[in-house]
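Student: Positions 1 to 386 (the numbering used here) are the ones given, in order, by the sequence shown.
In short, the hints are calculated from the structure, not lab data.
Please note: incorrect hints may appear among the correct ones.
Said to hold, decoys possible - Pair ranges (Cβ atoms, derived):
1. 72 - 228: 44 to 54 Å
2. 159 - 112: 29 to 39 Å
3. 323 - 204: 24 to 34 Å
4. 148 - 76: 36 to 46 Å
5. 100 - 14: 15 to 25 Å
6. 216 - 61: 35 to 45 Å
7. 72 - 208: 43 to 53 Å
8. 65 - 162: 25 to 35 Å
9. 196 - 95: 35 to 45 Å
10. 111 - 61: 36 to 46 Å
11. 47 - 96: 20 to 30 Å
12. 214 - 39: 27 to 37 Å
To be verified - Pairs of lysine-lysine, DSBU-like flavour, derived with a Cα cap of 30 Å:
13. 187 - 136
14. 139 - 214
15. 135 - 68
16. 41 - 214
17. 50 - 68
18. 336 - 50
19. 68 - 136
20. 336 - 41
21. 187 - 135
22. 214 - 68
Computed from a predicted model, the values in this text were never measured in an experiment.
Glycine included, C-beta positions come from ideal geometry on N, C-alpha and C.
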Amino acid sequence: MKTSAAAPVRFDPLLLCAVLALVALGLVMVYSASAILAQDKLGDSLYFLKRQLMAAGMGVVAMAVAMKVGWRRLARLAYPLLLVTVVLLVLVLIPGIGTTAGGARRWIRFPGFGLQPAEVAKFAWVVYLSYSLAKKREKVATFSVGFLPHLALCGVLVALCMRQPDFGSSVLLVFLLFVLLFAAGTKLSYLVGSVLLALPLAYVAIATSPYRMKRVLAFLDPWAHRHDTGYQVAESLMSIGSGGLTGLGLGDGRQKLFFLPEAHTDFIFAIIGEELGLIGVALLVTLYAIVIWRGVRVSLAAPETFGTYLGLGLTSIVAFQAAVNMCVAMGLLPTKGLTLPFVSYGGTSLVVLMGAAGVLLSLSTGAQGASNRAVRTGGDMREVAA
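Whenever a hint applies, use it, and build me the whole structure from the sequences.
Tutor: This is the structure we're talking about:
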């Protein structure tokens with residue numbers, strides 16, 4: 001009697017295609033947004049594209065390694081990754097090691113590339129939280145075990161990021177903490193109470209920082225600050241508005257001609273809106289929706305609690321950064337300095353996010369047929385017999 005061979009385990013093809021499509025779109029738009037600037041400032045119109053291509057190549061390797069190694073092995077790396085992250089966040093603050101650009105000390109330069117520790121911190125923070133919350137699952141609802149230690153550690157990471165300063169990454173770290181604590185079943189009163197207590201601190205952080213206060217004022221009325229702090233937002237709005245339904249055409253945008261600062265980084269969404277129009281923006285949003293949908297899907301179907309938290313955390317990074325970046329470009333949020341995932345120019349961000357996508361793809365293999373083994377009961381993810 002013949003036994004049928006087991007069906008080969010496959011990665012989620014839709015998730016993989018959406019990620020690769022975003023990376024490809026990013027390469028095209030980085031070149032379109034940066035070619036004239038690079039030619040004028042550096043004498044090489046391909047400068048930023050070549051660096052982004054190199055980062056994309058490294059990202060493909062990181063994705064392949066993550067898919068091959070598998071998500072379960074990350075549990076063993078939770079503490080080492082967190083330790084390395086803290087060391088990097090400290091090193092970047094040391095003059096001579098950390099590099100200052102745009103008034104912030106966020107990069108450690110190596111020959112040929114620069115490392116941004118805050119981007120590594122996002123990934124390491126999700127891995128650590130996922131491992132810790134899964135390990136303490138039975139006690140995660142208690143204040144002294146499930147809530148306070150994680151909040152205190154988050155405070156350390158946020159303090160190091162704020163020293164750079166990097167307000168956007170700090171907010172994201174806190175957001176990831178709350179998402180995973182909520183998924184793990186932490187009492188809602190702890191989360192709401194901590195937010196209420198943090199509001200005065202956030203107000204002080206903004207009110208005592210002139211550049212943050214200027215950003216808030218520019219957000220409230222960018223046209224009143226059209227020629228100073230609101231300049232970027234105003235130019236971004238004009239860029240998006242001029243695109244119309246079909247856009248001006250790839251490469252034919254005008255705002256990148258030294259009008260819109262950071263056109264290839266933080267405000268690349270505005271160039272997409274200008275050159276590809278509403279159709280291009282709709283395509284971009286659809287690709288992110290697919291990544292988020294498939295990421296959440298494989299997370300909830302994960303065979304282990306650690307995998308569920310890990311997938312939700314990594315998907316939340318993409319969702320949060322994409323939403324914030326697009327809202328900033330449209331004047332719906334104050335400027336934060338967060339990249340558009342997989343699309344904006346930035347080597348560390350691209351490599352880390354593609355590595356995170358590889359983890360999600362690895363998770364998708366174990367999630368096939370496992371949806372009956374993970375259920376949400378009383379706010380906690382618990383494994384039950386199939």
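Student: A separate judgement is required for each hint: does it hold in the structure or not?
Tutor: Hints versus structure:
1. 72 - 228: 44 to 54 Å: Check passed, 52 Å falls within 44 to 54 Å.
2. 159 - 112: 29 to 39 Å: holds (31 Å)
3. 323 - 204: 24 to 34 Å: Once the Cβ atoms are compared, 26 Å apart, the range 24 to 34 Å for residue 204 and residue 323 holds.
4. 148 - 76: 36 to 46 Å: Violated: the Cβ-Cβ distance is about 25 Å, outside 36 to 46 Å.
5. 100 - 14: 15 to 25 Å: Hint violated: Cβ distance 42 Å, outside 15 to 25 Å.
6. 216 - 61: 35 to 45 Å: holds (41 Å)
7. 72 - 208: 43 to 53 Å: For residue 208 against residue 72, whose Cβ atoms are near 45 Å apart, the range 43 to 53 Å holds.
8. 65 - 162: 25 to 35 Å: Holds, since residue 65 and residue 162 (Cβ atoms, about 32 Å apart) stay within the stated range.
9. 196 - 95: 35 to 45 Å: holds (38 Å)
10. 111 - 61: 36 to 46 Å: violated (19 Å)
11. 47 - 96: 20 to 30 Å: Because 26 Å falls inside the window, the suggested range holds.
12. 214 - 39: 27 to 37 Å: Since residue 214 and residue 39 have Cβ atoms about 31 Å apart, the given range 27 to 37 Å holds.
13. 187 - 136: Cα-Cα ~14 Å, so holds.
14. 139 - 214: violated (43 Å)
15. 135 - 68: holds (24 Å)
16. 41 - 214: holds (28 Å)
17. 50 - 68: Within the cut-off at roughly 27 Å; holds.
18. 336 - 50: holds (26 Å)
19. 68 - 136: Roughly 28 Å between the alpha carbons, so the hint for residue 68 and residue 136 holds.
20. 336 - 41: holds (25 Å)
21. 187 - 135: holds (17 Å)
22. 214 - 68: violated (47 Å)
When held up to the earlier numbered hints, the structure conflicts with 4, 5, 10, 14, 22 and fits the remainder.
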